[in-house]
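Novice: Chains as they are written, first to last, in numbering that gives the first Met the number 0: chain R, 0 to 146; chain Y, 0 to 160; chain V, 0 to 402; chain E, 0 to 131.
Everything labelled a hint here was simulated from the structure, so no lab data went into it.
Hints are not guaranteed to be accurate.
So the derived label-pair ranges between C-beta atoms look like this [as the list claims (entries may be wrong)]:
#1 R:I97 to V:T259: 24 to 34 Å
#2 V:K207 to Y:K120: 40 to 50 Å
#3 E:P17 to Y:E151: 36 to 46 Å
#4 V:G356 to R:I97: 16 to 26 Å
#5 V:V186 to Y:S61: 50 to 60 Å
#6 E:L13 to V:K207: 31 to 41 Å
#7 E:G112 to Y:P47: 43 to 53 Å
#8 E:A72 to V:D97: 42 to 52 Å
#9 V:P252 to R:E45: 47 to 57 Å
#10 E:P63 to R:T22: 49 to 59 Å
#11 V:R180 to R:I97: 50 to 60 Å
#12 V:P252 to R:G136: 48 to 58 Å
#13 V:E175 to R:H42: 49 to 59 Å
#14 R:V90 to V:P289: 48 to 58 Å
Which bits of chain Y does chain E cover? Going by a derived footprint, with three or more residues having C-beta under 8 Å, they are [what the hints assert, rightly or not]:
#15 95 to 106
#16 119 to 133
Derived pair list, reagent style DMTMM-like, types lysine to aspartate or glutamate, alpha-carbon separation capped at 25 Å [what the hints assert, rightly or not]:
#17 E:K16 to E:E30
#18 E:K60 to V:D272
#19 E:K26 to V:D202
#20 V:K207 to V:E62
#21 Y:K144 to E:E53
#22 V:K149 to V:E193
#23 R:K123 to V:E47
#24 V:K187 to E:E7
#25 V:K187 to E:D32
#26 V:K187 to E:E119
#27 E:K4 to V:D202
This structure is a prediction, so every number in the text was calculated from the model and none was measured.
From the three backbone atoms N, C-alpha and C, an ideal C-beta is built for every residue, glycine too.
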Amino acid sequence: MSSKRDLFSKYAVKVDLVKPKRTVFIIRPENVRPLFKDLIEQHGYESFYISTIVGTDLPGEGKIRLDYYVVLLPEEETIVVRTYLDRNNPVIDTLVDIVPGVFNGECETHDLLGIFFRGNPYLKRGFFVSLDIAEKGIYPLRKDSGV
Amino acid sequence: MLSRVESAERSIKARGDYRLIRYSPWLLHFNTGACNGCDIEVLAAITPLYDPERFGVKLAPSIRHGDILVVTGAVTKKAGERLRRLYNQMPCPKFVIAVGACACSGGVFAKSYNVIAGADKVIPVDIYIPGCPPRPEAILDGIVKLLKLLSEARVGDKCEQ
Amino acid sequence: MVCNMTVTKVVEIPLVTTEVPIGPQHPALHEPLLLKVYADGEEVVKVEVNTGYNHRGVEKLCEKNTFYRDIFIAGRVCGICNTVHANCYVRALEYLLDIKPNNRARYLRVLAMELERIHSHMIINAIMAEIVGFETLFMQIMLDRERVMKAKEILTGNRVLGDYMMIGGVRRDIDEVKRARIRDLLVKLKPRIEFYKKVFEEDETIIKRLVEVGLLKPVDVTSHSLVGPVARGSGVRIDSRASDKYDAYDEIPFNVITRTEGDSWARMMVRWDETLEALNMCLYILEKLPADGNPVPDEKRLPRVIPQGESYARVEAQRGELTYYVMSDGKSTYPYRVKIRTPSFNNIINSAFMYVGLSLADVPVALTSLDPCISCMERVIVIDLEKNTKYKLTLKELAGGRV
Amino acid sequence: MKRPKLVELVLQNLLRKPATIQYPREKTPVEEDSRGIQYADLTKCTGCTLCALECPADAIKMTPIPQGYEIPAKNPKKIYPLIDYLKCVFCYRCVKICPVNAFIVTSKYDIAGPIQINSEEYSLSTVKKVSG
């Protein structure tokens with residue numbers, strides 16, 4: 000177990016906490032993909048699953064925060080991989096080819112918040128949002144979307 | 000504007016049509032984006048405990064066979080189009096029951112950007128059944144009230160409009 | 000999934016109504032989700048999950064409403080799992096506020112959630128019986144489900160939407176009379192559940208339709224983020240009740256049910272075993288309900304502004320792990336961000352790979368075994384490319400092989 | 000599965016009553032404290048509008064009490080909460096949040112009808128009518 004956490008702390012720039020007691024590892028956006036690649040190589044597919052992808056718009060800092068909530072198995076501990084993207088150009092490497100379970104999360108985050116996952120062929124507008132909003136280029140969950 | 004004679008004739012004719020429906024109305028259940036609460040109550044209302052087949056009420060397999068459209072759920076933008084299309088496909092005379100707060104007025108979702116709100120914004124509704132979700136008894140009550148209105152020819156048929 | 004076989008049929012399954020609570024915003028659907036099945040003769044070669052449906056924008060709606068109004072909106076994301084939704088949101092707020100409800104409230108919360116689990120598992124098993132053409136069993140299970148609904152009504156005051164959770168406790172208490180009545184209903188229900196479980200174990204029709212259909216290996220489960228009974232049916236032990244030990248789950252004894260078969264039948268059996276487990280938990284709670292004060296907080300005195308911070312609550316809903324992320328900026332009475340991830344969002348969208356190789360008639364069975372929340376499936380459109388025809392069927396007819 | 004004994008089963012089922020309830024002909028008993036319609040008791044209401052602010056569905060509108068009704072002295076704004084039952088989701092947030100506990104709760108549910116349904120009639124029946 001400790002070795003999995005070591006892997007996360009290796010990439011971490013900073014460690015934080017989300018209540019209740021979920022450790023947050025803040026890492027650089029370009030390190031997200033190598034981190035999960037290492038995790039799969041060293042511990043295998045059955046050692047974790049990605050539960051949720053949460054994007055939060057932070058217009059005050061000009062950033063979009065992207066959190067991957069990862070559940071480590073078999074001890075079922077939830078940890079958070081957090082990264083900050085530039086709000087004007089939110090681009091990050093996709094994980095969909097190595098962890099297929101992020102398919103729904105990435106499509107949804109793209110549709111609602113406008114984060115572009117480089118290399119994900121399934122991204123499209125209208126995954127959730129109705130087309131009249133999608134055509135205007137509005138991302139509903141951005142704070143200045145006005146919907 | 001119709002003359003009085005004409006409208007009286009029409010109402011007599013319509014009453015004859017309604018009588019026929021009254022004996023065995025076939026329901027068509029359509030979900031426009033509900034949370035499922037109303038759907039399981041509609042489903043519960045057709046199970047043995049409540050058994051609306053006593054009144055001849057039956058779920059229709061297709062919209063073309065339906066007499067009464069049962070709408071549940073807040074009408075989302077895309078579902079609104081479908082709802083209108085579905086309503087136009089129904090044979091006359093046709094009636095609509097809105098089940099639950101969401102179908103009646105949008106409920107808690109009325110202010111969302113993707114929701115038109117109640118079903119009456121899209122199609123004419125004949126009976127509103129409030130509740131979140133209404134009990135199966137309340138749904139039966141609504142159906143029986145509609146049948147009563149039909150037998151007294153007190154609801155107008157919206158077909159000609 | 001690229002395949003050099005010829006595609007002769009395309010089957011579209013619009014999950015027309017509800018739930019497949021897909022969603023983040025619990026996009027409510029109508030035209031909610033389209034399962035596009037490409038078939039070679041009878042064999043499925045490719046499945047596309049098409050999400051061209053609408054959502055209700057619950058996450059945005061939550062940002063526009065106050066914390067307290069959101070409790071009721073969260074309960075209305077999904078009607079079948081409303082108490083778990085409300086519980087998860089309320090606990091996320093409690094983590095921020097550092098409030099802990101008293102023991103009686105924690106026990107009562109578990110009671111409400113487990114009653115909901117019983118009725119939800121019963122309904123999906125009933126639907127499964129209907130899909131495979133066993134209509135009598137459907138009617139029987141639905142009749143017995145009414146007992147649970149009555150118990151829920153006694154406990155929460157409404158048959159379906161309980162609105163039972165409140166920050167710091169629950170919204171109504173039960174007295175001795177109600178306790179005895181709920182107990183009585185559940186004791187009568189228990190032999191029936193055991194009987195249905197036996198039917199699912201031994202009945203030939205069900206075994207022939209369910210066994211070896213929709214196989215999922217453990218590695219598929221974790222890499223595709225599948226949760227709940229689907230994961231447990233494949234031997235992956237994911238149960239946030241056991242790991243997070245929220246509310247009173249640390250004191251109430253229960254077993255986490257896992258099975259190793261990984262097919263549709265295993266998933267349904269996991270559900271029946273969990274129903275029995277939940278029933279025993281309810282009886283245990285009714286027996287040992289602690290009496291340490293009033294579980295109902297005074298809603299007039301609760302704090303209106305939630306302190307700054309983030310919290311992430313997990314709950315084991317009937318269909319799997321449900322998570323709420325709540326962020327408060329500490330200044331207003333509105334949450335800054337609410338993120339909802341419902342279990343079916345993972346289970347339905349990510350599971351398209353499972354159908355490949357099945358025969359068409361097995362698709363509804365495999366789909367139902369994921370518990371996409373009932374009444375969803377009304378019609379199936381079959382496009383026959385050889386004859387260039389298009390016709391509509393009910394899902395039941397598809398399961399009956401009328402393609 | 001063990002084969003059930005046919006004769007026994009038939010006899011059992013012949014003696015059994017049908018499970019169906021006779022709903023519209025006989026009212027089925029509902030729980031007395033199940034959440035049916037609620038309305039404001041105007042003799043207690045102070046017109047503070049808290050319920051209207053807290054309602055998750057915005058079903059409550061503060062409405063002036065019409066002419067011809069005795070208005071209690073503690074209601075200076077002369078308004079009362081009018082609940083639109085078509086919007087109401089029956090969560091009873093208003094009942095619980097009311098500072099003077101002015102809401103009357105019932106278990107009545109059969110209020111379906113062809114028109115808009117609200118609590119005007121129920122609420123106004125709690126105060127006396129004054130002539131003129």
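Novice: Quick one: are V90 (chain R) and P289 (chain V) within 48 to 58 Å, going by C-beta?
Specialist: 53 Å, holds
Novice: Given a hint of 49 to 59 Å, does the C-beta separation of P63 (chain E) and T22 (chain R) actually sit inside it?
Specialist: 57 Å, holds
Novice: Is the gap between the beta carbons of L13 (chain E) and K207 (chain V) within 31 to 41 Å?
Specialist: Check passed, 32 Å falls within 31 to 41 Å.
Novice: Range hint 49 to 59 Å: satisfied by the CB atoms of E175 (chain V) and H42 (chain R)?
Specialist: Taking Cβ atoms as reference, E175 (chain V) and H42 (chain R) lie about 52 Å apart, which means the hint holds.
Novice: Please verify whether K187 (chain V) and E119 (chain E) have alpha carbons no more than 25 Å apart.
Specialist: Violated: K187 (chain V) and E119 (chain E) sit about 44 Å apart, past 25 Å.
Novice: Is it true that A72 (chain E) and D97 (chain V) lie within 42 to 52 Å of each other by Cβ?
Specialist: With Cβ atoms ~43 Å apart, the hint holds.
Novice: Between I97 (chain R) and T259 (chain V), does the C-beta distance stay in 24 to 34 Å?
Specialist: 26 Å, holds
Novice: Are there at least three residues in the segment 95 to 106 of chain Y whose beta carbon sits under 8 Å from a beta carbon of chain E?
Specialist: holds (count 5)
Novice: Between K26 (chain E) and D202 (chain V), is the straight-line Cα distance small enough, at 25 Å or below?
Specialist: 39 Å, violated
Novice: If I claimed the Cβ atoms of G112 (chain E) and P47 (chain Y) lie 43 to 53 Å apart, would that claim hold in this structure?
Specialist: 28 Å, violated
Novice: Run the distance test for K123 (chain R) versus E47 (chain V): straight-line Cα separation, threshold 25 Å.
Specialist: Given that 25 Å is the threshold and the Cα spacing comes to 14 Å, the pair holds.
Novice: If you check the beta carbons of P17 (chain E) and E151 (chain Y), does the distance land in 36 to 46 Å?
Specialist: 30 Å, violated
Hints 3, 5, 7, 9, 18, 19, 20, 21, 26, counting from the list given before, are not met by this structure.
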